[in-house]
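A.B. asks: The whole structure should be built from the sequences, with the hints applied where relevant.
Protein sequences appear in the order of chains A and B. To convert a position in the first sequence, counted from 1, into our numbering, add 32. To convert a position in the second sequence, counted from 1, into our numbering, add 823.
Chain B is faced by these chain A residues, among others (derived, beta-carbon under 8 angstroms):
1) Asp59
2) Leu60
3) Met62
4) Gln66
5) Ser88
6) Leu97
7) Ser100
8) Ala122
9) Ile129
10) Tyr131
11) Glu141
12) Val146
13) Val148
14) Ala149
15) Phe158
Since the hints were made in silico from the structure, they are not lab data. Glycine included, each C-beta is placed from N, C-alpha and C at the ideal position.
This is what each chain is made of:
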Amino acid sequence: MRQWHKLTLAVMALAAFALAQVANAEDLIMARSQQPFPEAMLALQDAITHHGYVLSRVQRVDVGLTRSGFKTDKYRVVFFGKPAQIRELAHDHPELIPYLPLKIAIFAEGNQTVLVAANPHDYDQFFPHDHLRALFAGWARDLQSIMDEVRKGN
Amino acid sequence: MSPRMIAAALALAGMLSAGIGAAAVPNGKMLFDQRCAVCHGDHGHGGVGVPLALPSFLSSVSNHYLETTIRLGRPGRVMPSFSSLDKAQIQAIVRYIRSWSPGPEPTFSQQPVKGDPEHGKQVFAQHCAACHGTDGRGGRGTGVTFSRPRNLPIIAPGLNNPGFLAAASDDMIKRTLMHGRQGTPMVSYKKMGLTLADVNDVVSYIRSFQKAQHATRSANVAKEPAVLVFDSPYGLEQTVKNIQHAAVGRNFRLIRTQHLDYGFVPAAKENPHQVIVYFCDFDFLYKALAVDPRVGLFLPCRVTVVQGADGKVKVMAINPKRLSHLYNNAELDRDCDRMYRLYKDIMEEATL
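C.D. replies: If you want it as structure tokens, here you go:
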């Protein structure tokens, strides 16, 4: 029985090693939607909500640029988060405040749309707390899933 | 644990690993859609990244060039290193890219081209530097983008880039010089008025870039703090006013001032001790977007003023210098450094 326990542990360790080898963390999480900007923007807002986040506001970067005399296509930044999580993090880890809430930049490229977010996995090196690691990993998973949802046009 | 059990564990782990590999049987199109299409376009017609489907491009690069480029990227030139992809996945992506090619994969000799790099330097300065830069650093910008007007269909590649030099053989560079690339500003050596000897000399000069030392910005940047923080001797309200004043004094336009939890809770329940001041210099922003349209992640510029439970007030901001590595864009690094200095100046002035 004890030997089986050891075997199970060994297999789990080796499996984790194998999984770690296929895991991937890019610096940016990006996606291209084949939908034009208005549809992709709606899909993004839906996807954010589906993943349990609250949309706080949208910064209309293109509007500011156009008002200043620059020619640009649609360019927005979408801010979102989980209210309780933001409140707790701001209290327990005020050093994280400048990185809150989460955001995704979304801009038109012809009749398609590109989305970009910083990969929260990167925050591990900025804020090396064990209990934050799982949080950042969860954000990274959610951001990737949100991007996938928009990319697939769901 | 007995040797037999270790062997069993290894076999099982091997099966698991193989299963993972089998589950992710490299599907070039799928991988391209997930990893590459966002920059290069769904059908390789370009975007932030270069147009891979250009027939004259595909007929002048080998699969080895494409594979090495995916693996190593182009340090400082936007194209990241996809070191997390395995060989089979990279080959699958390249097979998919190659499927757009009207002809077969070209083959190139791996033998070095013999020429006079000193003379090549002179020819390069006269005929190549206008697009590729005097030191071969490449054209400005990130490639084709349809987000704003551009006057070039493609950005001249950085020939001194270690990723390019590792991917391209001398023969490949030589043939590009000989035939040019239709659909881009790159013309053939004959149209440039060069001889074959000149071409060899230019190739030798380009290869000599390999000896140049490249600055290791990433190592230096990694020492930077992720957050810029200053203690304020003033109260929260006065500090917010000081930040606004300091930003306006540096040609920024105030966008809005709000609480951190704005939009998450009813206005009456917002925490008044965490105040964000957003501001923007649209001229600077426009130029930065032209360098890299993904820079929107930094937008708008922001300093947060926080009053702790002890009553002490701090001003905080992200450190653009620390985050610059996200973009792998040496040109944008300069803008990030400028933003870093501006943030520091604003925060210092506000807390004097």
